[in-house]
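If you're matching them up, the sequences are chains X, Z and H in order. Counting from 1 along the first sequence, just add 756 to a position and that's the residue number in our numbering. Counting from 1 along the second sequence, just add 108 to a position and that's the residue number in our numbering. Counting from 1 along the third sequence, just add 4 to a position and that's the residue number in our numbering.
There may be inaccurate statements among the hints.
Not everything, but these chain X residues come out facing chain H in the computed CB check (under 10 Å) [to be verified]:
| no. | residue |
| --- | --- |
| 1 | 838 |
| 2 | 918 |
| 3 | 922 |
| 4 | 927 |
| 5 | 932 |
| 6 | 960 |
Cβ-Cβ distance ranges computed for the label pairs, FRET-style [what the hints assert, rightly or not]:
| no. | chain 1 | residue 1 | chain 2 | residue 2 | range |
| --- | --- | --- | --- | --- | --- |
| 7 | Z | 262 | H | 41 | 24 to 30 Å |
| 8 | H | 127 | Z | 109 | 39 to 45 Å |
| 9 | H | 140 | X | 965 | 33 to 39 Å |
| 10 | X | 951 | H | 100 | 19 to 25 Å |
| 11 | X | 881 | Z | 341 | 30 to 36 Å |
| 12 | X | 896 | H | 37 | 51 to 57 Å |
| 13 | Z | 305 | X | 978 | 52 to 58 Å |
| 14 | X | 906 | H | 41 | 42 to 48 Å |
If you're looking for bench data, these hints aren't it; they were derived computationally from the structure. All C-beta atoms in this analysis are idealised placements derived from N, C-alpha and C, irrespective of residue type, glycine included.
As a plain string of letters, each chain reads:
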Amino acid sequence: MALFDPTILQSGEYHDWLVQGFILSIQLTVISFAFALPFGALVAVMRTSTSRLLRAVGTTLVESIRNVPLLAHLLFWYFAFPELLPEGLREILYANNPEVVCAVIALTLYSGVHMAEDIRSGIRAVPATQLEAARSLGLGRAAAVRLVLLPQALRASVPPLLSQTVNLWKDTSVATVIGAAEMMYQAARVETASFRSLEAFTFATLAYLTVSLIISAAAYLFQRRYPVRTAA
Amino acid sequence: MIVLDNVNKYYGDYHALVGITERVEKNEVLVVCGPSGSGKSTLIRTLNRLEDIDGGHIAIDGRDIHAKGFDVNALRAGIGFVFQQFNLFPHLTALENCMLAPVQLKRASKAEAREQAMALLDQVGLAHKAGAYPDALSGGQQQRVAIARALAMRPSIMLFDEPTSALDPEMVGEVLQVMRSLAQQGMTMVCVTHEMGFARDVADRIWFMAEGKILEKGAPGDFFANPQHPRAIQFLADRNRN
Amino acid sequence: MLELIDTYWLYFLVGQYPDGPLGGLVLTILLSGAALVLAMPLGLMLGIARVSRRRVVSLPVGAFVQLVRAVPLLLVLFWVYFFLPAVTGVKTSQAMTMLIVLVVFDSVYLAEIVAAGIRALPKGQLESARSLGLDYGQALRHVVLPQTLRHGLPSIVNQLVSTIKATSLGYIIGLSEVSFIATQINTLVFTRSVEVYLILALTYFLLCFGLSRLAFLLERRLQRRPVGAS
Chain X
757 MALFDPTILQ SGEYHDWLVQ GFILSIQLTV ISFAFALPFG ALVAVMRTST
807 SRLLRAVGTT LVESIRNVPL LAHLLFWYFA FPELLPEGLR EILYANNPEV
857 VCAVIALTLY SGVHMAEDIR SGIRAVPATQ LEAARSLGLG RAAAVRLVLL
907 PQALRASVPP LLSQTVNLWK DTSVATVIGA AEMMYQAARV ETASFRSLEA
957 FTFATLAYLT VSLIISAAAY LFQRRYPVRT AA
Chain Z
109 MIVLDNVNKY YGDYHALVGI TERVEKNEVL VVCGPSGSGK STLIRTLNRL
159 EDIDGGHIAI DGRDIHAKGF DVNALRAGIG FVFQQFNLFP HLTALENCML
209 APVQLKRASK AEAREQAMAL LDQVGLAHKA GAYPDALSGG QQQRVAIARA
259 LAMRPSIMLF DEPTSALDPE MVGEVLQVMR SLAQQGMTMV CVTHEMGFAR
309 DVADRIWFMA EGKILEKGAP GDFFANPQHP RAIQFLADRN RN
Chain H
5 MLELIDTYWL YFLVGQYPDG PLGGLVLTIL LSGAALVLAM PLGLMLGIAR
55 VSRRRVVSLP VGAFVQLVRA VPLLLVLFWV YFFLPAVTGV KTSQAMTMLI
105 VLVVFDSVYL AEIVAAGIRA LPKGQLESAR SLGLDYGQAL RHVVLPQTLR
155 HGLPSIVNQL VSTIKATSLG YIIGLSEVSF IATQINTLVF TRSVEVYLIL
205 ALTYFLLCFG LSRLAFLLER RLQRRPVGAS
């Protein structure tokens, strides 16, 4: 048995498993991101709202989700949550890829609250004097927020949000614990079937590295093109 | 004591110091003044190699300070530098600030260093604040501790880079008083400052700088009463108006 | 829920100890604490290397840090778990594997905290230390690092929180940390999944939230002592 046989990475059954795993990892990332970002934005707005109740709800959500590890979230959504569903809904869940559904729920919530914090810090990075200046010109609150606060807040939020996206991409690996057939699951599966752990893990490493670096490169380019220009 | 020979420095394309050739004698008190951006801070910082030069030579006590193998740390131990922003170490008390270098550089035992530090703090009028941390001291007090800290190394030269510019007006006097008594004790001093009263009373010589060059030099009496160079005349007129 | 806690609290807390290796919540806490403490010296060295002006030092370290941060912790865990025994010839326990991986990860993140702290320190601090004649090493030891570590303490506490959460990944290689024990309990009891996992979540929450509040209070306390001239 050769020490490192790259051919299994290029074609054949093991290759197919690994590629399927990679694709599912990407899908998990994209779908979770699509839900997490609006969720995060909503929570960020709640946390910066003038209503004490909304702020309290927002803070509770963030702290209760953030302080529990992703693995525990996945266990909860996969093992405990279905028990809470009425019989009919539970059947539907089990018939439709429950591993992926529960993984998406857990990843959305976990990533979402981190994004909420990033967006919130972006909002706070804009000095209060900016809104004051906008209001002094006669703009109403909604217009001031939309035209002056949000553009600056979003520009400041993008780098940490992209960093959070890299974290989301890496976090999809934990979904293996509930049996989602993403890349780590498939790599372990190849290892068990063929003892080719070196090739399988190398594939996974290169895949994670490549996507992470692409996203980080995007963050770097964004910061070059749209640097955060604060009022001096 | 300090000899500058055709010293040139560039920041990129900007010519910050232009062919400076001058001497500073022992026991002399030299004041360097001029508009902002004239290169005064840059010049004084080259003397203890906080800034390096791009051309020319600087010799202190006859030794070229840029010579190969020259011990920069030994140079700095022999020169006291007082910063505009004080730069006291916030995690150490006033006393510990003054003791750090002598102990670490093996100039004194801990007991000797403490004794000496207390004497110096007393000299600057802050013996009662020896155990205080910098955040408990006013700006003027911090700067006086900074002077004591520099003196703890028994330097032969003291350099002051706008020592009172960051202070509220009512505290400027106490720091200038310390500098005055140092001058009276015969310390060789180079001071970059805007305090023209101090320059008039204490300086032996004044250098007026603008755009990296020393445009005028002379005794304070001559300089203030009868400035020659048009830039110097302009500078003094602006100062007097304010 | 109360009888559940009553029956299983000891198992949840210490696993099979003393009839077996230590497990449960105590294992989680001990592993996290040990990893952070062991990672500190390494993190300090890496952090200093990161800000070094000599590029032959700062670039490889920077590359290593970026590499470790671009890859999931679980992947590193698999690498070490499957390959370390082959390389060293010694079969490493799951706990030891987890500890090694956590130390590597923590030292990388601590390096970033140290590097950021050094960069954030006003330039005048290093300048005045050098002006007194101290060399770079002495200036680091007596002036820069004491301040950097003091200011970095809230971040270090937050790193402990991250480490506690990271130990949960040991589940996947069969480590008997607290999430694994919770699932064992769930298998035994079978009909009370919601309660079991809520208790697990609550345990993590109390531990991690408590520590992050500590970090927050530390940060507040630091801001109340302004340093030097503005």
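Results of checking the hints against the structure:
no., hint, in the structure
1, 838, "holds, 8 Å"
2, 918, "violated, 13 Å"
3, 922, "holds, 7 Å"
4, 927, "holds, 7 Å"
5, 932, "holds, 7 Å"
6, 960, "holds, 6 Å"
7, Z:262 with H:41: 24 to 30 Å, "violated, 42 Å"
8, H:127 with Z:109: 39 to 45 Å, "violated, 28 Å"
9, H:140 with X:965: 33 to 39 Å, "holds, 35 Å"
10, X:951 with H:100: 19 to 25 Å, "holds, 23 Å"
11, X:881 with Z:341: 30 to 36 Å, "violated, 48 Å"
12, X:896 with H:37: 51 to 57 Å, "holds, 53 Å"
13, Z:305 with X:978: 52 to 58 Å, "holds, 54 Å"
14, X:906 with H:41: 42 to 48 Å, "holds, 44 Å"
Violated hints, in rising order: 2, 7, 8 and 11; the structure is consistent with all others.
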